[in-house]
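A.B. asks: In case you want the letters, here they are:
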Amino acid sequence: MGTLEQKPDNLLANVLCYLRSSSLFNELLCSAQDEAQRTNIRFTDLKKGVQNGLVTAGWDRKLRNAIYHFLQAQPSTASSGVQGSPEQIKEPITYVRKAQLAWEKKILKSLNSMCTELTIPLARRRPEREQKDMMVRWTELGVDGPAFMRGSSGICRGIAPHILPITFLWKANLDLSQIRPVYAPKDFLDVVIGMQNPNCTSTGNIGSSDYPWGLVHVSMKVKTLNELRLQYSEFAITQCQTGIDDLPDVPPELFDTDRTRLGRKVLAAKHAPISREFSKKGCPVSMRAELWCHMLGVELDNVDVLYYEQLKSYVLQHDLLVDNLLYKDVKLTATNDDQYFVFEDFLYQILLPFSRDTYILKHFAYNSATPPKSYIRGKLGVEEFAVTYPPNGVIPFHGFAMYVAPLCFLYNDVVQLYYVFRKMYIQYFFRLHSVSSHPQGIVSLSLIFEQLLQAEEPELFYQLKQVGCQPLKIAFKWMMRAFSGFLASDQVLLLWDRILAFDSLEVLPVLAVAIFSFRKTNLMKVQTFSAAEAVLADLFTLQVMPLLQLALFSK
Amino acid sequence: MNDKPLSCNVKPAVSPTVDSRLGSQTGCKIIDITFPNVVNPEVGEIRFQNYYVAFLTVKAKIKLTEQTPREGPNDHGWRMVVRRLQLMPDPHTETGAQDCFVITRSQFVCELSQVVSLRLILQQPSPLWKDFSLEDLKLFKTSGGSRVPPLPSWFMEDDKPKANKKELEGVPDLDSLSTNLQQLWALAEEVSANQTEESLGRYEVDGCYDINLLAYS
Amino acid sequence: MARIKFASDFDKSVLLNNFENRGWIQVGPEDDWNFYWAGVHNIRNVFSVDSGFRLQDDQFINHFPNHVELTRKDLMVKNIKRYRKDLEKEGNLVAEKDETGRFIHLDFIPQTFMLPADYNLFVEEFRKNPNTTWIMKPCGKARGIGIFLVNKLSQLKKWSRDGKGNSFTPPSAKETYVISKYIDNPLLIGGKKFDLRLYVLVTSFRPLKAYMYRLGFCRFCTVKYNASLNELDNMFVHLTNVSIQKQGDDYNAIHGGKWTVQNLRLFLESTRGKEVSDKLFDDINWQTIHSLKAVTGVVSNDRHCFECYGYDIIIDDNLKPWLIEVNASPSLAATTSSDRIMKYRLISDVINIVIPPGEAPDVRWNKVPDKENLGNFDLLYDEELANAEQGQQDVRTKPGMPNPALRAGLRDTKRGSQATWK
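Protein chains in written order, with the UniProt record's numbering: chain A, 1 to 555; chain W, 1 to 217; chain F, 1 to 422.
It is possible that part of the hints are untrue.
[As the list claims (entries may be wrong)] When the alpha-carbon atoms are kept at most 30 Å apart in a straight line, the in silico DSBU-like pairs for lysine-lysine are as follows:
| id | chain 1 | residue 1 | chain 2 | residue 2 |
| --- | --- | --- | --- | --- |
| 1 | W | K130 | A | K223 |
| 2 | A | K280 | A | K465 |
| 3 | F | K274 | A | K62 |
[To be verified] Not close to chain A: a few residues of chain F, all C-beta gaps over 10 Å, as computed:
| id | residue |
| --- | --- |
| 4 | S48 |
| 5 | N66 |
| 6 | D86 |
| 7 | P138 |
| 8 | L153 |
| 9 | G190 |
| 10 | G191 |
| 11 | F220 |
| 12 | G257 |
| 13 | W259 |
| 14 | Q262 |
| 15 | E269 |
| 16 | S277 |
| 17 | K320 |
Read the hints as simulated data drawn from the structure, not as lab findings.
Just so you know, these numbers come straight off a predicted model, no measurement behind them.
For each residue, glycine too, the CB sits at the ideal point set by N, CA and C.
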């Protein structure tokens, strides 16, 4: 578009405002003071001297990175120079907003009814003894779980029991089998495909006219194959890739040697855009952890370590129903996964503090979802006692832990792991489970999948549709989890390399299409949905990069 | 956004008809705006929330005066203000369909003073949508683009040495020294005033976070 | 070509399916078999002079007659100690020692003593470092049976009495124990301790021909590792044998606590870097070769034999691998479905190396299998190739070929020594 007014002044002011309010500003001032106190600086060149000193100290790079990450986090509407109400920024399309609201309400009801049925509160303060007990077991929560308390069960009395029809008794040895995931990808898929635009004529609601076979009935503008080819031009078959051309059976002088050398330079530069550019061809295994930090702008300092410790103490202080959901999720997914089971305890050390982290609330400014609200017991409806629940506003679904699991291969330090995951979540993963018209949102990704598959494999799509097996019904869970737990862990990491490098989730539907293409021969033979599911059940032998190349550049 | 929207009369959208059989299927609608209570109205900014309008054209009828003379024998004072501005990048898809837009003076083809009336021509070529219109339509006298807080002086200051000052060897320039020190002091003050955003967010109220059920709201 | 006849002491499906899928015919161990997958207990019978059995050129069996030289804990330690001493006497640089008297390149088994024979030596060592934990293992038993931890001398009083009392009758293997320094700084992943199970196929000891299987795995403790002493009684923490872990409440039947070596590599390379992880796996290959070379002189190299060993290795937090023991008969029972697939492929790959596809079984066949018949095995060491290599140092081999001689050569230059490890 570009026809509407750009507001560079506004942007500049925003950047300044952001920088000033970040902790970077204090550090910068401290450094500036240090520089100013150097004996070799003359009063006359005070300013120049301080500036030069700051550049040598790496502030140039730090500021560039900070601004880069700030700009990246800007909502996309800023590009058209238009800003609506906060509600509009979250989601401009009314009926999409309504669909998300209705979905949220359903989740709330489901959580509430779980509380009522099991007679447990959403949150309660842990007794002193239990706090200590949990602190001791902090690094091995997998053994007994967060809600387990040895000995007698505590009783949690409501301050004003008359408000609620039931008195909540806390069962210390809460049977985890009673806890069920609030929703699974399948439930969320129903929301996505159930969405209809009330302003759409009847012809429109069958699906957009060019792609009539799919399940998604909204017509967002999504990228076509040609646009995706341009976007992912680095995937061209003629280009060498990490993850293909650096395997042990390929002579290293063809690619790996140069790649490693270049990688070292990139790491030394510590500059986000450079790391991005480099990672478009994949991250060498031994450089990935660092490259991801650069791309995400994660740089730990002592405050971050303290902050994590604080979150941990919040976990100890209060027991949340959400903890049980997370615990159950880990038990259902990672614990039984032959790649991730070793990281079970790490997952709790990430997921539980994550649920207490109010920093996550910021992302709701650009997420179509809204954090659930509650009131402190006995203060129902009193606004001063309104709180978000859980503190980070994110209610986990079945499979949520799998967003963290692959990262455990990269970071052995829990704190580092935490911040990388947090950034990944507020930058990418949240889009995979909220209803939105955003081009990176799950609705758009689903559309890309359906349109690409229809355009590239029409006979396959038609055949599957005829036997009652809509492809999205299988591919949706892959995309919603960003393929974590479906592919071999090294392949998930190679895939996520590209999400970070291209700053886009659009690689997910492309891969999903590629998998359908790749298994086409077998899929053409299936007569039932479960047969199609069986053909696509085991993806652990698949190699991500050759598949992506196949889907984008084979025709 | 201190300035109030211009008082004006926005007429309901009408579809152009050749005879009464042609309804909304023309893909075109017209909104007329008049300014009954304003003397010499001047328009600097148009704001609205889109509702499935793909293209927007704005025309204005102005009072023909000496400053704005008649431009031909058939000139009845109609001027092109905005020519077919694309609001939806692809009329068949949702993108941009319900976005908020601000069209400012810099995008106008001509100056909008002495306006008698404005005519907004809405076009939607796609048959997918039942209806299209503009909502929350507001006009402003001036563009709101200058609402940016001024940049701090230290940011804008240039490095040119002040040439006309006498400089003594080895003795610092007292003026610049004191300005520099003042700036440092001001910066330090600002630090204390600016709480960093990274501060710990508390989620409980007075240490209490005992909750039973979620609120539907 | 006549159909191959096989015999098996096990009715494990990973074995039988392999044989049957090749169209082989099952016969009894007493019959005229071509391929016999025997239990270790039957090996003695097959090779005993009394049996009057003479193996023909078309007969293969899966153990060497006196494999115990490698696979019984005390004998392995004894052989390795002797091997180091011999090299040292030769003045071989591989047997180089550091200033504290430790072997620089050959220090790959935890300090170990035989009990009761070495009791006095052990006591001397124990008194030097009274805070060390030791692990007692019966020599003749496998799968974690009879293992216990020791951190007080009083726990061994029984041994001292037995040792002194019966000094004229040497104790049998059943009564012999080895006591080894316990690796108390194991590498932890996700806070959990693990050991490594690798499969090594030997088709000949003289000249030595050995292959390393790529699909080894890590075995994880289901219980969190905690070095504190009150946990000493909890065997689950310390032992990673699946047969012990299976008794724990937290045993997971889906993955069985097993993690592939590929996962380990991905984790190590991601968190510690490529160089150190490459070095770790080089070190493992190096120590495997030397453990085998330590017994080449004593194992009777019957050309009808091949053997697939289970190597148990613990990695410490400095990424140094320690060879714990070698099993002659690694379990072929599948704990999980992926375990079943892996073991099926293991047996299949073993057979393809011993009897190359399309060939009739013939022990005279010089066993240098084609690359495509190696399956998931990599050639670890081929003494003939290495000697030939030695003869023409300047002739460069093809790049990218796994060449153990070359790899070993590289290693020596890295360590600043020109000697090979022969």
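A.B. asks: Next, verify each hint and record whether it holds.
C.D. replies: Against the structure, the hints:
1. At roughly 25 Å between alpha-carbon atoms, K130 (chain W) and K223 (chain A) fall within 30 Å of each other, so this suggested pair holds.
2. With a CA separation close to 35 Å, the supplied pair K280 (chain A) and K465 (chain A) exceeds the 30 Å bound.
3. A C-alpha spacing of about 28 Å is found between K274 (chain F) and K62 (chain A), which places the hinted pair at or below 30 Å, so the restraint holds.
4. Consistency note on S48 (chain F): stated as away from chain A, and its beta-carbon is indeed over 10 Å from all of that chain's, at 43 Å minimum.
5. Residue-level check passed: N66 (chain F) sits 36 Å from the nearest beta carbon of chain A, beyond 10 Å.
6. Here D86 (chain F) stays apart from chain A, with its beta-carbon at least about 35 Å from theirs, past the 10 Å limit.
7. A cut-off of 10 Å between C-beta atoms confirms that P138 (chain F) is not in contact with chain A; the least separation is 30 Å.
8. With 10 Å as the threshold on Cβ separation, the claim that L153 (chain F) sits away from chain A holds: the shortest Cβ distance comes to roughly 32 Å.
9. Against chain A, the non-interface label of G190 (chain F) is violated: not every CB pair exceeds 10 Å, the least being about 4 Å.
10. For G191 (chain F), the requirement that its beta carbon stay farther than 10 Å from each beta carbon of chain A is not met, with the minimum near 5 Å.
11. With 10 Å as the threshold on Cβ separation, the claim that F220 (chain F) sits away from chain A is violated: the shortest Cβ distance comes to roughly 6 Å.
12. Against the 10 Å criterion, G257 (chain F) falls within the reach of chain A, whose nearest CB is about 8 Å from its own CB.
13. The Cβ of W259 (chain F) does not lie farther than 10 Å from every Cβ of chain A; its closest approach is about 6 Å, which violates its non-interface assignment.
14. Here Q262 (chain F) does not stay apart from chain A, with its beta-carbon only about 7 Å from theirs, under the 10 Å limit.
15. With a cut of 10 Å on Cβ distances, E269 (chain F) falls inside the contact zone with chain A, its closest approach being about 4 Å.
16. Distance check on S277 (chain F): its Cβ comes as close as 8 Å (rounded) to a Cβ of chain A, failing to clear the 10 Å threshold; non-interface status is violated.
17. Separation of K320 (chain F) from chain A is adequate, the least Cβ-Cβ distance of about 18 Å exceeding the 10 Å criterion.
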